[in-house]
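With these hints in hand, go ahead and build the complete structure from the sequences.
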Amino acid sequence: MSDLKYLSAYSPDVKSQVQNLIDQDRLGDFLLKKYPTAHQITTDGALRDYAMDLKNRFIKKSPPLSKVIYDKKIHVVNNALGLHTYVSRVQGGKLKSKNELRVSDMFRKAPEEFLNMIVVHELAHLKEKDHNKAFYKLCEHMLPDYHQLEFEMRLYLTHVEMAGAIY
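If you read the sequence shown in the numbering used here, its first letter stands for residue 188, the second for the next number, and so on.
Read the hints as simulated data drawn from the structure, not as lab findings.
Heads up, some of the hints might be wrong.
Result set (BS3-like, lysine-lysine): computed pairs, CA atoms no more than 27 angstroms apart in a straight line [claimed, not checked]: (1) K324 x K247; (2) K285 x K320; (3) K192 x K316; (4) K221 x K324.
Here it is as C-alpha cells:
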C-alpha cells in the first residue's frame with residue numbers, strides 16, 4: 188500500500204478505495220474527468236481580485252486584506268497550501284495591523300475548484316483563527332461542498348506527488 192499521507196485522517200475503507208484507484212492507475216483519470224481544466228487565475232493581481240470578490244460576497248465586515256499573492260515558498264511538504272498571516276506593527280503612536288493571504292504557487296495551474304477551496308479556507312481565518320466548528324461552518328457557508336473539495340484536493344496532491352502535475 189502506498190503512503191497516503193494526505194489522507195492519513197481518513198478511514199481505512201476510504202484509503203483502501205483510493206489505493207485501488209492508484210493500483211489500477213485510474214486516480215489521474217478520475218481527477219481529469221471531474222476537473223478537466225486548470226483555471227486562468229495565474230497572476231497575483233488576478234488572485235487578489237478573485238479573493239476580494241469572495242471576501243466581499245461572504246465576509247464584508249472582516250478585516251481588510253493588504254496582500255494576496257501566489258507564494259513559491261509555500262509547499263505541501265510543510266503541510267501548507269496557503270497561509271493567512273496577521274502582522275501588527277507600531278507606527279508612531281498607533282498600532283497598525285495587516286492581513287495577508289498567500290497561496291502555494293503549485294495552485295497556479297490547478298483546477299479552479301481547488302484554488303477556490305484554498306482561498307475560502309484562508310479567508311475564513313480572517314474571522315476564525317482556529318480550525319474549530321465555527322471555522323468549518325463559515326467555510327461551508329462560502330463553499331457548500333467545502334469538505335468534498337478538500338478530500339478531492341487531497342487526492343489531487345496524492346496524484347501530483349506520485350505522477351507529477353496533471354495540467
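To see whether the hints hold, each was checked on the structure:
1. Between K324 and K247 the CA atoms are separated by roughly 17 angstroms; this keeps the pair inside 27 angstroms, and the hint holds.
2. About 25 angstroms separates the Cα atoms of K285 and K320, which keeps this hinted pair within 27 angstroms; it holds.
3. As the CA atoms of K192 and K316 are separated by approximately 25 angstroms, the hinted pair is consistent with the 27 angstroms bound.
4. Between K221 and K324 the CA atoms are separated by roughly 25 angstroms; this keeps the pair inside 27 angstroms, and the hint holds.
When held up to the earlier numbered hints, the structure conflicts with none and fits them all.
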